[in-house]
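K.L.:
From just these sequences and the hints, can you work out the full model?
Number of protein chains: 2
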Amino acid sequence: MSLITVGTMAFDAIETPFGKVDKIVGGSATYVAYAASNFVKDVKQISIIGYDFPIEELNELKSRGVKIDGVEMIKDKKSFFWSGKYHTDMNTRDTLITDLNVLADFNPIVPDTYQDAEFLMLGNLMPKLQLSVINQMKVRPKLIVMDTMNFWMDIALDDLKEVLTKVDVLLVNDGEARQLSNEFSLVKAAKKIMEMGPKFLIIKKGEHGALLFHENHVFYAPALPLEEVFDPTGAGDTFAGGFIGHLAKTKDISFENMKTAIIVGSAMASYCVEKFGPERLKEITKEDIETRIGEFVELVSFDIDLV
Amino acid sequence: MSLITVGTMAFDAIETPFGKVDKIVGGSATYVAYAASNFVKDVKQISIIGYDFPIEELNELKSRGVKIDGVEMIKDKKSFFWSGKYHTDMNTRDTLITDLNVLADFNPIVPDTYQDAEFLMLGNLMPKLQLSVINQMKVRPKLIVMDTMNFWMDIALDDLKEVLTKVDVLLVNDGEARQLSNEFSLVKAAKKIMEMGPKFLIIKKGEHGALLFHENHVFYAPALPLEEVFDPTGAGDTFAGGFIGHLAKTKDISFENMKTAIIVGSAMASYCVEKFGPERLKEITKEDIETRIGEFVELVSFDIDLV
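Protein sequence lines correspond, in order, to chains H and Z.
Per the numbering used here: the first sequence = residues 1 to 307.
Per the numbering used here: the second sequence = residues 1 to 307.
Possibly wrong hints are sitting among the right ones.
Result set (PhoX-like, lysine-lysine): computed pairs, CA atoms no more than 20 angstroms apart in a straight line [to be verified]:
hint, chain 1, residue 1, chain 2, residue 2
1, Z, K275, H, K188
2, H, K205, H, K41
3, H, K142, H, K199
4, Z, K62, Z, K286
5, H, K205, Z, K205
6, H, K205, H, K259
7, H, K62, H, K249
8, H, K85, H, K67
9, Z, K188, H, K275
From the derived model, a few chain H residues whose C-beta atoms are all more than 10 angstroms from chain Z [to be verified]:
hint, residue
10, E15
11, T92
12, T95
13, L96
14, D112
15, E118
16, R140
17, K166
18, E274
19, G294
No lab work stands behind these hints: they were computed from the structure.
Yeah, the Cβ is synthetic: ideal placement off N, Cα and C, and Gly gets one too.
P.N.:
Next comes the structure, spelled out in structure tokens:
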């Protein structure tokens, strides 16, 4: 089943307690594509890149079945560039540089060849652009998943709220869920946010795992305790890619299957953080993914016929 | 199977975003006893109280099968008193007052009638006192579980390390695990701490659940996402009481059964935080506990035959 993913393709400069890279490929759509392409062979990318984006990266993505008809290339501008430095706890970071470059002109167009997609992943972008993509779909996808961030809550809340009325699943972190709902309790926050539109809400808590809310149900997916988190960049997008990739592969959008999809997304994210950028995602095999998912099963399994 | 629990019985004054109490019964041994007495009818308490400790509270504990032969009563001194105020996030708090009172003279004595106990719960106390209790046992208990805190790491690290060589299970929070091991990664911290003595390590992460480490195994128990955390005081001790209570009831100290015990402890702690002090623990029934454990099962269950 085919999947459209919309987001950035970019360069990142990253500093973590473990090292530093000056320029590595990044961007939300890049991570989503690397993760999702393990599950779906028809990932349809919508993004924008400058003259400096490496052709080898595009070829690597194409070899994984990623379509790039929807990736606009601007000949005289540079790709989006982000630079950040992580604190010791790896849960917080400072943004050092944000050079929009081509992103300033991004006007995502859904190619005709993408119109059959039943799954749509809206990476973190200006809400107006997310809305534009939804409105271009001639047939509403079976499932629309949306990522966003606190920045848009600060400067484009009305637009964001409009997009929320049109999506099925929202992905945010705990701080963002609190900001959007004005509730400290994540249970209360989830109720308020689901009233804004999404039927499903995933709250990502980094090293503390993720929560999936739907109606009165809640599911808690742990994060795998790792010896070392080398670079958290892209972990959220990789999670999203594994999540929607599994759903698109199985074509099952039930709450039960979303729980499984969250475990798949968590497994993918746990690989992502092992090396800088998307490097680790390029190396892993289907067997690696199965092994990691097995570790998640192990991590939370217990017997209960007891009290 | 009988269980000795050593710790404080005290008064607390507590302020949370939801309200304030000037004087409510507290103390680690109190919470452990209320939790464990749901599972074991022979909880043998070792503590010290002043003239002001309410007789009704002792009667309530006795009615639950808690033995108080080991609770020393000092006629001319007040009970230990702690006062604290929680921040909005409920994960952090400021200590306002610590009046040691009787606790300054605490010299725990293990009564002869306690010597048959196979399970020993050492609540958070000066390490020298924990050590004294262990040394008084004529037959080493089948399982010794120990709680501690950063304060003892600051001022009595050598004593603490000596106790660590004599216990089976250590309970600490994530910050304490990091301080004790000097490692940021909890996986690395766990390895170092288990080299100090305990074969099992439980790292409590409050609203983010708990991790159980043993050899190369790890288990992740979630915390139940709650609409409201009314008062976190005693949640860690209640967790410990449910944990060791379940182990003492089942007499099974395998890793597999400890995983179950952690879920039981988490269920007890989730009730504890619903009201001030141990109030909620006094109200709940066996059916309530089973219901809550069922919610934990639901919270983490997923199917996995998929990738």
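K.L.:
Can you list which hints this structure breaks, lowest number first?
P.N.:
Result: hints 2, 8 and 19 break, sorted rising.
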